[in-house]
Amino acid sequence: MTPTIAEAARAIAARTLSPVELTRACLARIEARDPILHAFILRTPERALAEAGAAEARQMRRTLRGPLDGIPIGHKDIYATAGLPTTAHSRLLADHVPGSDAQTVAMLSGAGAVLMGKLATHEFAIGGPSFDLPWPPARNPWDPTRFTSGSSSGTGAAVADGMILGGTGSDTGGSIRGPAALCGIAGIKPTYGRCSRRGIVPLAFSLDHAGPLAWTAEDCALLLQAMAGHDPLDPASADVPVPDFSAGIGGSVQGLRIGVVRHFHERDNPATPACARAVEDSARVLAAGGAALREVTLPPLMDYQAANSLILQAEAWTLHEPWITTRFREYGEIMRSRLAMGAVMSAADYIQALRRRRELVAATRAGMAELELLLVAGAQSEAPPIDSVPKWTALGRPGFLAPFNLTGLPALSVCAGFGEGGLPVGVQVVGHAWQEPIVFRAGHVIERELAERGRRPQG
Amino acid sequence: MASLSQSDFAALLRRAGLDLSETEIDELYKGGFQPFEAMIENVRAGGSRPRASEPAHVFSVNDLA
Chain X
0 MTPTIAEAAR AIAARTLSPV ELTRACLARI EARDPILHAF ILRTPERALA EAGAAEARQM
60 RRTLRGPLDG IPIGHKDIYA TAGLPTTAHS RLLADHVPGS DAQTVAMLSG AGAVLMGKLA
120 THEFAIGGPS FDLPWPPARN PWDPTRFTSG SSSGTGAAVA DGMILGGTGS DTGGSIRGPA
180 ALCGIAGIKP TYGRCSRRGI VPLAFSLDHA GPLAWTAEDC ALLLQAMAGH DPLDPASADV
240 PVPDFSAGIG GSVQGLRIGV VRHFHERDNP ATPACARAVE DSARVLAAGG AALREVTLPP
300 LMDYQAANSL ILQAEAWTLH EPWITTRFRE YGEIMRSRLA MGAVMSAADY IQALRRRREL
360 VAATRAGMAE LELLLVAGAQ SEAPPIDSVP KWTALGRPGF LAPFNLTGLP ALSVCAGFGE
420 GGLPVGVQVV GHAWQEPIVF RAGHVIEREL AERGRRPQG
Chain P
0 MASLSQSDFA ALLRRAGLDL SETEIDELYK GGFQPFEAMI ENVRAGGSRP RASEPAHVFS
60 VNDLA
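Which chain is which? The protein sequence lines are X and P, in order. Heads up, the first sequence is in numbering that gives the first Met the number 0, so the first residue is 0 and it goes up one at a time. Heads up, the second sequence is in numbering that gives the first Met the number 0, so the first residue is 0 and it goes up one at a time.
Chain X with its partners taken away, still in its complex shape (with noise of 0.2 Å):
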């Protein structure tokens, strides 16, 4: 079975794991499996066991530098890798090649980690899953007939199978959450700001955050390590200080304040009986380990899925106005009817969005004013069909994943056991901002009592 990174870390470091050995592996799961999940848009094995070779010499040499130095990944293809194509899975940038790396892909990348190649996603992180597209969309590695969710979807899947041990998604209503969730693995949207999105292709500049997909929350906090940190040329980046995200992993929740949020999944869109189940479990958990649990009740949800959709598709048709309306038809049927909603906004319907996000901010985190958490459901069902999808699944039913795009606060999602099918659920564990180790540590607990870690999609 894959090792996660913290495993597989702590083998290199006691020269008990080979990173080019750890690289064959996983490139021959990768061989073997990826025909059918359609994980990957672009393979690079030569590069990543080039990589892996150079880790392993420093392994040798003892000048390792860190946990992620031989740890294959994958990014979201809508990372900048220079001299690789990346093509936000569209075909208008099917040819393009990038000069430089994405800020987080070269933190990655000095941090030692091996690129496997670049990940599925959802055209431009908004369209999806589509079968209109060069490549196909990912599937769902616990029953490939089902949706991952998205827009990382080939993260998502490329974790959950054990193709790469970690990798990078972005989020700008739920994308590294959703897969996450559907795909029986953790995600973390870090506080907005937190991480670079510089040559990140671009969605929604104001909600757009950049951050991890691993198979444990350890694993999440050790990859954000090397992701996080001020970026002067990306306007959104925050200087705050880097804590140590990996601090509170194994550490007691006792005496924290958790807010559990029932409105959404038991009013505002009803969840399925065991993805509720997954909010009761996790509360119980979090409550045996010495938490204090209290219901929350914060504003409805559709209130801020509208705020962040509106903002979402103005921003969105202002990236894409140029091309939208001379290529209309080279994007996917689903991203260019999703991106038209774009076109009939006004302005004032934008700022009136921009006015209600500040509302929703202020009621949040009044909301949270004496609480450490909140603890929220991770998604409406377990992983649908893949061809029963939506087009306009976001405006149809509020989400739970958007309030803490909005919002900027951190969120983690973890899973939080199995329901209908085998088919994991997770909860999402969201702190105040910059908060992140706190979070880390419940979702470690909640992962640790319910997640089955040792339980991987058979295949």
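All clues given are correct.
Here are a few chain P residues that face chain X, going by a calculated C-beta distance under 10 Å:
{"no.": "1", "residue": "Leu3"}
{"no.": "2", "residue": "Leu11"}
{"no.": "3", "residue": "Leu12"}
{"no.": "4", "residue": "Ala15"}
{"no.": "5", "residue": "Asp18"}
{"no.": "6", "residue": "Phe32"}
{"no.": "7", "residue": "Ser52"}
Partial list, derived from the structure: chain P residues whose beta carbon lies under 8 Å from chain X:
{"no.": "8", "residue": "Phe8"}
{"no.": "9", "residue": "Gly31"}
{"no.": "10", "residue": "Pro34"}
{"no.": "11", "residue": "Pro54"}
{"no.": "12", "residue": "Ala55"}
Source of the hints: derived by calculation from the structure; they are not laboratory data. Ideal placement from N, C-alpha and C gives every residue a C-beta, glycine not left out.
Starting from the structure of chain X, add chain P where the hints point.
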């Protein structure tokens, strides 16, 4: 805010530079726009928002420093 008719919706698409067929416009209007319009109504808060309420993003002179 008055609800937008399909012909007004089509006019806005054309004004934005999208030259779509009637079938495409019909699908966008019936499938996408109606729930989208409800979201537009939602953020307007029924006209109850204070007139001076600030948006989340305001210009900061620090950006020029």
